[in-house]
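Asks: Sequence:
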Amino acid sequence: MTELLPLQDLSRDTASSGPFDAVVVVASSPEGLPASLERPISRHLAVDEAKGTVLIAAPELAGGRLVYAPLGSLDRDGDDVRRHAEAAASGLRRALEAGAVAPALVLGKSPSGAAFDKAAEVAALGALAAAWEPLEAREHDAEGGLQKLGLGKLDGPLGEDRIAWLRAIEGGRTVTRDLGGTNPERMAPLRFAAYCREAFANLPVEVEVVEDRATLERDYPLLSAVARASFAVDRHRPCVIRLTYQGSGPIQRTIMIAGKGVTYDTGGADLKTGGHMAGMSRDKGGAAAAAGLIHAVASLAVPQVKVVVEIGAVRNSIGADSYVTDEIITGHAGKRVRIGNTDAEGRLVMADCLSHLRVRAASEVDPAIFSIATLTGHAVLAVGPYSIALDNHAARARNTAARLIAEGDRWGDPFESSRLRREDWDFIKPRSRADDVLSCNNAPSSATPRGHQFPAAFLAIASGLDAHGHPSSDAPLPYTHIDIAGSAVEGSDWQHGRPTAAPVLAMVAALVTQE
0 MTELLPLQDL
10 SRDTASSGPF
20 DAVVVVASSP
30 EGLPASLERP
40 ISRHLAVDEA
50 KGTVLIAAPE
60 LAGGRLVYAP
70 LGSLDRDGDD
80 VRRHAEAAAS
90 GLRRALEAGA
100 VAPALVLGKS
110 PSGAAFDKAA
120 EVAALGALAA
130 AWEPLEAREH
140 DAEGGLQKLG
150 LGKLDGPLGE
160 DRIAWLRAIE
170 GGRTVTRDLG
180 GTNPERMAPL
190 RFAAYCREAF
200 ANLPVEVEVV
210 EDRATLERDY
220 PLLSAVARAS
230 FAVDRHRPCV
240 IRLTYQGSGP
250 IQRTIMIAGK
260 GVTYDTGGAD
270 LKTGGHMAGM
280 SRDKGGAAAA
290 AGLIHAVASL
300 AVPQVKVVVE
310 IGAVRNSIGA
320 DSYVTDEIIT
330 GHAGKRVRIG
340 NTDAEGRLVM
350 ADCLSHLRVR
360 AASEVDPAIF
370 SIATLTGHAV
380 LAVGPYSIAL
390 DNHAARARNT
400 AARLIAEGDR
410 WGDPFESSRL
420 RREDWDFIKP
430 RSRADDVLSC
440 NNAPSSATPR
450 GHQFPAAFLA
460 IASGLDAHGH
470 PSSDAPLPYT
480 HIDIAGSAVE
490 GSDWQHGRPT
500 AAPVLAMVAA
510 LVTQE
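Take the sequence shown: its letters are residues 0 to 514, numbered as in numbering that gives the first Met the number 0.
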């Protein structure tokens, strides 16, 4: 983990005699900066009308390097705090390219108002995200990379509490990127579990891994059906990873999350063709986010909160024992699921995990249940690079999606909200007395009306949560499904895009720390 240090005095700490080897300034203009920073930037801008990030030789500053990353306009309708993350990322990358390993990041004047009140933290997280390198790259060559980052802003230093918060959040986001952005052999199901054991070894998180085939087939029958063709290959065998964090003091609320951990998705018997299999090692982004979230919460030692995670880690392989369309499989909740397409495997994996969480919720304090998944191509078409939240009635009564949107905007980890409608329930209704629910149609979600909404209805039915969805039910359970197919990687490019660690930041802020 990169060492984070607060800048107490901008002029002193960014000087050539200081502990850093470059200065990265993120600002709309050099106005208000210390003279040692303002002068070289103003001289450069006087002869350079380009608007992008620039490297300026400045012998009097740390490492002789000054990187200016302009924010640009922040007063248009489309502008938001993400401009700070993007500028900081650009500046940090340029500093690293120049040979720096310990730059100081300085944030200039930001607009006032709630929309930008987290600008300094968002900029810092943007810089740290840009410095992340894939796990395989780090394991191949542990040298180099960002070693130290100084953090400062014009209106005073970031306090140690803010630095500690950033360390914890970025630690969780690193876990998310490592798990989600790693190739299918390095992060096969049992190696996913091994990474979790190591990542949580020094944190107050209980880790349990269920890998016995008989147990999985009994307790997770839908997940086991997806994994049927992979059981024959030892290194591809599935598992369920259970993570539990319990904060100090009397528990006031419980966050329960099911994460889709499809470590590789061939499509199964309904094989992905035409190049559409590339990038399917990223189909574990939901599980990665769930693990990263609980890592961040445990690192923060949040009191009076319990977080429970169930990860279904499985490879959707193809082979003689593949499950196939038209099968009827009874899940953990007792619902008979007719398979509409084997490439809609993630909802089967999560349905069993959600059903276990549903049962466990009966003994928890004020539970709220979530599923997180890179689930549908329709999500990308519908909202582009944003996470989507879909509440059941009980969650909507608590304004869960609305809180995620509000905090996502403040922290630069944005959400959109969709609604479950009666058409979504009708779409998956049983076609005969032989089954209780249809998993999906046989067209891609991107070619299906309401292609990212109806899967949430399926998850509610197949997990048994539909009996608890309305506030007037005997035991209401708030449930929110989160589709991150568009937000999990930059540019929604599953094959080459860098993992974003969405929606860890927004969920921690909105649901756990409630800052």
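Careful, some of the hints might be misleading.
Using 27 Å as the maximum straight-line C-alpha spacing, the simulated DSS-like pairs for lysine-lysine come out as follows [what the hints assert, rightly or not]: (1) K428 with K271; (2) K147 with K108; (3) K50 with K108.
Taking CB as the label site, the calculated pair distances span [as the list claims (entries may be wrong)]: (4) D160 with E207: 40 to 46 Å; (5) A446 with R335: 25 to 31 Å; (6) A319 with T214: 39 to 45 Å; (7) D116 with V209: 41 to 47 Å.
These are calculated hints, taken from the structure and not from any lab test. As the structure is a prediction and not an experimental result, all values here were calculated from the model. Just so you know, even glycine gets a beta-carbon here, dropped at the ideal spot from N, CA and C.
Asks: Now tell me if each hint is right for this structure.
Replies: Status of the hints after comparison with the structure:
no.	hint	verdict
1	K428 with K271	holds (26 Å)
2	K147 with K108	holds (23 Å)
3	K50 with K108	holds (18 Å)
4	D160 with E207: 40 to 46 Å	violated (32 Å)
5	A446 with R335: 25 to 31 Å	holds (27 Å)
6	A319 with T214: 39 to 45 Å	violated (24 Å)
7	D116 with V209: 41 to 47 Å	holds (43 Å)
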